[in-house]
Structure formats: structure tokens, C-alpha cells
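Residue numbers (numbering that gives the first Met the number 0), protein chains in the order written: chain S, 0 to 275; chain W, 0 to 274.
Don't take every hint at face value.
One-sided excerpt, in silico: chain W residues whose CB lies under 10 Å from chain S [unchecked claim]: (1) Arg117; (2) Tyr121; (3) Leu125; (4) Asp130; (5) His131; (6) Asp160; (7) Ser187; (8) His190.
For each label pair, taking beta carbons as the anchor points, the in silico distance ranges come out as [stated by the list, open to error]: (9) S/Glu106 / W/Leu244: 48 to 58 Å; (10) S/Asp249 / W/Pro143: 15 to 25 Å; (11) S/Asp71 / W/Pro143: 31 to 41 Å; (12) S/Ser275 / W/Pro243: 58 to 68 Å.
Because the hints were derived from the structure by calculation, they are not lab data.
Here a beta-carbon is modelled for each residue, glycine too, at the ideal position from N, C-alpha and C.
One-letter residues, chain by chain:
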Amino acid sequence: MNISEQIDKGYRFLQTQLESAKPKIGLILGSGFSEVADHVQVLSTTPFDHIPGFPKASVEGHEGIWIVARLDGVDLVIMKGRIHYYEGHSMQTLSLPVRIMSKLSIETMILTNASGAINSDLSPGDLMLIKDHINLSFTNPLIGTNNPELGPRFPDTSTTYTLKLRQQATHVANQLQIPIIEGVYLFTSGPSYETPAEVRMMRTLGADVVGMSTVPEALAAKHAGMKVLGISQVTNMAAGLSSSPLSHEDVLKTTAGNSSNTTSFVLGCIKSLAES
Amino acid sequence: MREKSQLAEAYHKVTDNVAFRPRIGLILGSGLGLFAESLENQLAIPYRGIPHFPQVSIEGHQGNLVFGQVIGKDVVAMQGRVHFYEHGEMASVRFPVRLMHLMGVTNLIVTNACGGLRENQYPGALMLIKDHINFMGTNPLIGPNDDSLGPRFPDMSQPYDASLTNIARSTAKDLNMDLLEGVYCAVSGPHYLSGAELKMLRIAGADTVGMSTVPEVIVANHCGIKVLGISCITDMAIPESLSPLTHHEVIEVAARTRPRFISFIQAIIAKLPTS
């Protein structure tokens, strides 16, 4: 099945899950952001593996549920959990949820993730707006035949993360008195964490944080002409910046400790983006 | 999982032939395979005789799993390495390391031939790998994780074990041997890099460049094997003064370095714990 057929199949199925909703915002909840889903009115839920073309989510902290939701009158689609490249899925599969959201007339993607700090000015718990990214995965979700109906062969990525959305998000953070900074997110395949030598290289290359997600989705969204907001929560210092070894348990612990801030910030962003 | 049952088959075939379970494993790089012939009571099992074991196709890589002793200590050595560029997938590179893990190997010495990016290096130099950069464009752990082997997201803050690294340092001192240290960068190959690419890797922080080792080290760390990495710098990859390079030259320098390499590795093994 080619990508267009896959999108169609998923789209037809997920259209029936919309109930009365007319979502314009799509939200992908990464590690540590899942609590956001507890604060919305749920209209329908679908496990990933019920959706044609979707794999099952396999990572702890990632449930893998497609939720149609409403927040103060704002309709949205939420992916609670995401599909990762390191799980062995193709880049095309990673772009599928975004493609389907685009076909469902969603215009704005909010992408969230947990990341490791490369910039030593950052600390665990910090929230960062992604202002740009570096794709160091050596692959790209747009490799393959291009369907011009989905987007251009050579999409511009001079501004993947929409300036206006970043300004709105900064305003939301200021109002909530949550400190926020902007930075560059570097995407690597994982699943092994980086070595100290790799972290030094990434810093030389201009990265502020490193993670194993988001960029494939952002590229697919940009290709589809969607607006993108990227929110990263620093959960640990990258290797070489602290003396302790890295573990996913610690990542989850940091996110749990900081969940009220991240949750209210994301909820605030949804409302702010819906108003404009 | 398919890999698990394949490993079990390979394990039974190998252990049917060998009475002991070595704790020390070696992966011998280009031109360094002859180390296996220095083993006492050696027993060589050809890769092609082991079910599902990936085959090797490179000159200078013999393709035997060799069991024996070094100064009375049980070891198993891969005489001939499996490269990513030979197979185009990482399952083949994973297999031998996971087989060693299954056999009970807890300390792994990985060796390779590589190109030197720094002016203070010279062909024939031995270098302790302090850290690495994976520039291969893929990772051997992509795919479903077997939680019984190791965590989904293994830590890599110290891929080369500190105590083994210190043993190597003190051994070099004892032997009055020059031992360089540095960061090894792995690329997929199989072509040698361009001057511009070498320059880029130097900016990225690499001291040497090669086409192996890093995937094996990641797989070993994942399942809790301690790793020591020793590189033999066989050619200078200084971007400003690059001359055409052949695999033949690499093998030749590795062969010249071999006696020093063999006595160094033997002296390291003498100091390694066996439990």
C-alpha cells in the first residue's frame, strides 16, 4: 500500500471517531506530557492498533491512544503517546498520523517531547520552545515518491516552527509565570543514549537539546502546510554533563515532578492558539 | 522472537564443541586476526559451521570463532569481524556479540584498524578508545527491545569501561609502549572518506575514523558486557595531506604492528578478572 492509500484508509476510519467535533488543532503528547489528556473532555478514544496502518505503541510512558477531545469549546485531536523511529517503524509510518490529521482539516500541530540538555545553561524540568531543529537521523520522512497533493517535492524548512505560535506560547508562559526559553532540538535515532563525545559534537553543531522524536512529525506537518508549535521538556542533562548514568526511569521521574507546570502550559497554549 | 531462537541454536552448536565458558571475548579487526593463532589449546569453529552466524567476506578477516587460553585464561575470539557495510543491516552485527553474551562473556576487547585524523598520530600507533561517535546513520538497537537483555534506552555515558581502560593504560606503561588515546568515529563505509568529510569529522571531535566497532560496543553495553577498545592506526587520514588509500596498505601496517599488538593484548588479558 502506498502512503496515499494508507492515509485514506486511516482517514476514513478516524473520521467516524470525530463525533460532532471539528478539530483544527492536533496535539502529540510525548514522555511526561500525558497528563494533559486528563484535563480535557474526551469525546472518543481509539487505541493505535485499531487504526488501519498504525502500529502499537511499545514504550513505557507512551500509551498509544488517539483521542478526540474538547477543551473549553475548542475541539482537538490528541495522540497520547507516539510512534518512534527506534521502535523499528519506517519514517513513512511516523508521518502517517500527521498526514491523517492534515486530511481531517487540522491546521495546527502541537508537538511535545522530553529531551536531554546539551546546553549547560539548561536544567532538568526546564521548558523549551523549539525554534529550529537539526535532523541527525540520516533519513527523512519525505524520502520516496512525492504526492503533490500532499505537499511540494522540496518543502522549505526555513521556518518549520511558526513564529507567531512561538510568540503566543511565550505570552502564555509569561502569564502563567512559567519560565520558558527557545532553542534548537537535535533529532537522533536512538535508542541508546548519546555518548559524551556525541554530546560534544552536537553542541558544536549548534544543538541545545537532544531527543529521539518530533522532527519526523514536524517535517511531515511542514510539508502538509501546517503550522507547528514544538514544546520540549528537559528531563536530564545529556551524557558528560552530569556524573550520573542516564535512565528512562529518571526521565519519567523528572516529568512527573514537573507535570502541573507542563500541563497548565500546554492547556494554555491550546486555548491561545484556538483564539487566533 | 526469531533472533532469540537463532541465538539458541548457535549457542547449542558452539557449546557442544567447547567444554569451557570463557568470560573474556575478543573481536579482532582487520589484519589482527592472527592473534587467534597465539592462543593455547586453540579450537577454531568456522562461522559457516555455526547456524545463523553471519558470514564474512573481507580480505584479512578469516571467519572463525576461536576458543583457547591466554596465559591459562579462557577466551573466545572472533577471528574476522562482521561489518555493517557487508550486510546492510545491523542484525548481523548484533548476532556475534549476543552469542558471546549467551556464552557468558562479561569482558569484551574490541579491536580495529582505523585512520588517524590528528597530527600527533602515526601509522602503526595503538590507540585506546576513550569514547566514540556513531556516525553510521543507524543504530543496532533500532527495533523491538528484548527487555531480558537490557533496557530500551541504554546509557552510553561510559561505553568503554573505566577499570578496563585503566588496566590497558598501566599495561602499556609496564611494557614501555606508546599508547595514544582518543575518540573513534564510526561511519558506514565502504568507501574511504573524502578530505572534506574527514575535516567535518575532526570538527565533530573525532580522533580516528573506521567502519566498525561502535555497533558492537552499543550491543555489548546494552546487555551489560564491559568493553575495552583498542585501535590500530593503519593510515593517516589528515585531510590536508591525503593520498590514495588501499585496503592492502591497511592490512600491511596492521601486520607490521601485530607483534606489539599481540603482546599488549596478552598482557592486558593477564590482568583481567575471570569471574
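Quick rundown of the hints versus the structure:
1. Of the supplied interface hints, the one on W/Arg117 is violated, with its beta-carbon coming no nearer than about 14 Å to a beta-carbon of chain S, more than 10 Å.
2. Hint status for W/Tyr121: violated, given a least beta-carbon distance of 22 Å to chain S, over 10 Å.
3. With a least beta-carbon distance of about 19 Å to chain S, the hint placing W/Leu125 at the interface is violated under the 10 Å criterion.
4. For the restraint placing W/Asp130 at the interface with chain S, the shortest Cβ-Cβ distance is roughly 4 Å, inside the 10 Å limit, so the hint holds.
5. For W/His131, the interface hint holds, the least distance from its beta-carbon to any beta-carbon of chain S being 6 Å, beneath 10 Å.
6. Violation of the interface hint for W/Asp160 is found here, the shortest Cβ-Cβ separation to chain S being roughly 13 Å, above the 10 Å cut-off.
7. The closest approach between the C-beta of W/Ser187 and any C-beta of chain S is roughly 9 Å, which is under the 10 Å cut-off, so the hint is satisfied.
8. For W/His190, the interface hint is violated, since its Cβ never comes within 10 Å of a Cβ in chain S; the closest pair sits about 16 Å apart.
9. Distance hint check for S/Glu106 and W/Leu244: the Cβ-Cβ separation is about 53 Å, which falls inside the suggested range of 48 to 58 Å.
10. Against the hinted window of 15 to 25 Å, the Cβ-Cβ separation of S/Asp249 and W/Pro143 comes to about 23 Å, which satisfies the hint.
11. Hint check: S/Asp71 to W/Pro143, Cβ distance near 40 Å, so the stated range 31 to 41 Å holds.
12. For the pair S/Ser275 and W/Pro243, the supplied restraint of 58 to 68 Å holds, since their beta-carbon distance comes to about 60 Å.
Taken one by one, the earlier hints fail for this structure at numbers 1, 2, 3, 6, 8, listed in ascending order.
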